[in-house]
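Novice: Sequence:
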Amino acid sequence: MLYITHDLASARYLADRTAVMFAGELVEEGESLDLLANPAHPYTQLLVSAVPDPAGRAPTIPSAGPSCDRL
127 MLYITHDLAS ARYLADRTAV MFAGELVEEG ESLDLLANPA HPYTQLLVSA
177 VPDPAGRAPT IPSAGPSCDR L
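Residues in the sequence shown are numbered consecutively from 127, following the numbering used here.
Label pairs and their in silico Cβ distance ranges:
1) Asp179 - Glu151: 27 to 33 Å
2) Thr131 - Ala163: 16 to 22 Å
3) Glu151 - Ala181: 29 to 35 Å
4) Gly150 - Asp179: 27 to 33 Å
5) Asp160 - Ile130: 17 to 23 Å
6) Asp142 - Val177: 17 to 23 Å
7) Ala149 - Ala181: 30 to 36 Å
8) Gly150 - Gly182: 32 to 38 Å
9) Gln171 - Ser136: 15 to 21 Å
10) Ala149 - Asp179: 23 to 29 Å
11) Pro178 - Glu157: 21 to 27 Å
12) Gly182 - Leu128: 30 to 36 Å
13) Leu128 - His167: 17 to 23 Å
14) Pro168 - Arg143: 17 to 23 Å
Read the hints as simulated data drawn from the structure, not as lab findings. Just so it is clear, CB atoms sit at the ideal spot from N, CA and C, and this is done for glycine as well.
All chains, full assembly: derive it from the sequences and hints.
Specialist: See below:
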C-alpha cells in the first residue's frame with residue numbers, strides 16, 4: 127500500500143517503513159518508529175515537530191499580547 131501524507135503521526139500507525147520526499151527528491155527513509163524518533167533531514171525534523179503532543183501543551187508564541195486599552 128502507498129500512503130501519501132504530511133501527517134507523520136498517522137503514517138506511524140499505518141506503515142512499517144516511511145519515506146520522506148522534499149522538492150521531488152527522496153531525502154530520508156527507514157523504519158517508521160526509528161525515522162520519527164531520530165529524523166536526520168531538516169524537512170523530516172520539521173514534519174515531526176508539527177505532530178501535536180496529546181500529553182503536552184500546545185506551543186506558544188512569546189508575546190505580551192495586545193493591550194485592551196489600545197484596541
